[in-house]
Amino acid sequence: MTALGYNFGYLDENTKRMIRRAILKAVAIPGHQVPFGAREMPLPYGWGTGGIAVTASIIGTADTLKVIDQGADDTTNAVSIRRFFAKVTGVATTERTGEASIIQTRHRIPETPLRQGQILVYQVPMPEPLFRLEPRLAETRRMHALADYGLMHVKLYEDIARHGHVAISYGYPVLVGGRYLMSPSPIPAFDNPKMDRMPALQLFGAGREKRIYAVPPYTSVRSLDFEDHPFVPVRADAACALCQSRESYLDEVVVDDQGGRMFVCSDTDYCGTRQSHREAAE
Amino acid sequence: MSAPLLQASGLSLRFGAIAALDDVALEIHPGEVVAIVGESGSGKTTLLRVLSGLMRPEAGTVRYRDPAGAVHSVHDMGEAAMRRLHRSDWGFVHQNPRDGLRMRVSAGGNIGERLMAVGARHYGGIRAEATAWLQRVEIDPERIDGMPDKFSGGMQQRLQIARTLVTHPRLVFMDEPTGGLDVSVQAKLLDMIRGLVADLGLAVLIVTHDIAAARLLAHRLLVMRHGRVVEQGLTDRVLDDPQHEYTQLLVASVLAA
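Protein chains in written order, with the UniProt record's numbering: chain G, 1 to 282; chain P, 1 to 257.
To be clear, the hints were calculated from the coordinates, so they are not data collected in a lab. Among these hints, one or two may not hold up.
[What the hints assert, rightly or not] These stretches of chain P come out as covered by chain G in the derived footprint (C-beta under 8 Å, 3 or more residues): (1) 102-108; (2) 113-123.
[To be verified] Straight-line Cα separation of at most 25 Å, DMTMM-like style, residue types lysine to aspartate or glutamate; simulated pairs: (3) K150/P / D140/P; (4) K150/P / E158/G; (5) K155/G / D149/P; (6) K155/G / D145/P; (7) K150/P / D159/G; (8) K155/G / D140/P; (9) K155/G / E58/P; (10) K16/G / E128/G; (11) K155/G / E129/P; (12) K150/P / E128/G; (13) K155/G / D89/P; (14) K155/G / D99/P; (15) K25/G / E128/G.
[As the list claims (entries may be wrong)] A few chain P residues that face chain G, going by a derived Cβ cut-off under 8 Å, partial list only: (16) E79; (17) A80; (18) R83; (19) I126; (20) D145.
Beta carbons are placed, not taken as given, at the ideal position from N, Cα and C, and that holds for glycine.
Start from the sequences and build out the full structure, keeping to the hints where you can.
Shown next as structure tokens:
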């Protein structure tokens, strides 16, 4: 049941139209940041307003929505956003990756491979991959325009010189379609390879910074590296304590004050599905 | 003689009522070191900035011949081409090394930046090149991971030169490279620059108010005053037999040690 007094999807139709235009432009220029007029949302900046604006503009009555935060369906942020859309659109929601047509995410890509026709919407705090290296936004725009990305490689060089490896564990910079340097949002570097030639459409919304960018299906997404120091996705060397997976991305959870800790999958749907399959087998 | 690398004619630029450049013409050939001397405010640095494309003149053209032999107008080539030129075939050494270096990036990273900007993607190769260049400019290779702000002024300037020359540019602009250094460090730096210029066959356009530095480095000399080139010619000829009264004054005011 849709809440009364709201337009379908919360945003008014003119705003949706404006955001859709930005999305179309973003899809046409993979990895390029397109400015858009972010609207006031019923939650503060930094909580996913950009992602919500994108989802609100593309969602239709036939869609099924899944929302995850750090891979989990049951965290505050995910629950709030899922309830919000259930209320203002009345669309079906799910926790199953395979059943969803739109997945809004913060900080993870689901373990289950996405398929053609699905849309992955990322919440992005800082869309500019060069912002820690070059504080002037006008200058970073010029660097994007001229594909002048030597500076990013200087950062990688410095990391290897200092630490022996590239010390970026999340938000690892990628080159999209061989042209634009892009921040993949703060997903773990472990998830970067999933973006490469993904069959699903990937949309990125940054509310506070007012930028939208996109990776169309089957687009190459390459993590920056050196020939003799290739990109290596990092994963905790352990099995999930609940589902025993050795492939999934793990969270380390402190369980007591005696130094006890356990590793569990960050993707709750993936972990739960594996557990129920195991129980069914027993 | 080979065709000029850089050719400027009729350059004019005014800052309000002041003529910073007044109908200046200049040519520089491959492997040639040309010094521009003159007092402060005579338009030397402005000329350098205009020639290197950092500033646009009100009138006149600057033409540059690329390695393939094609001639381009520097101020009509577009920003992308200009950047490409500035990080491969050209170099710019600033008076203050802080303007030319990244102070929060290690010495190796500073040297490597230009290599990476032109597409080097092999860490070991970049590092080997950086080590070789540190040795070449007489900085202990042990300090490859040191930060430039921990270096002395002379070392910073030498690092800036290494960073500029690592991509083997054909033309280097130097704006008072010895400014702000004490005399013994200056002498060492000049000696080093002279060696590198000869080894690499660089063309250098050097702006300086130091007549001694000009005599040591330059093949040819241009004397500027009030935005005009008042005298030019072979360095020894100009300094030993100055024709223009201003040049005579300039030569006469050098303190004999």
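Check each numbered hint from earlier against the structure, then list the numbers of those it violates in ascending order.
9, 12
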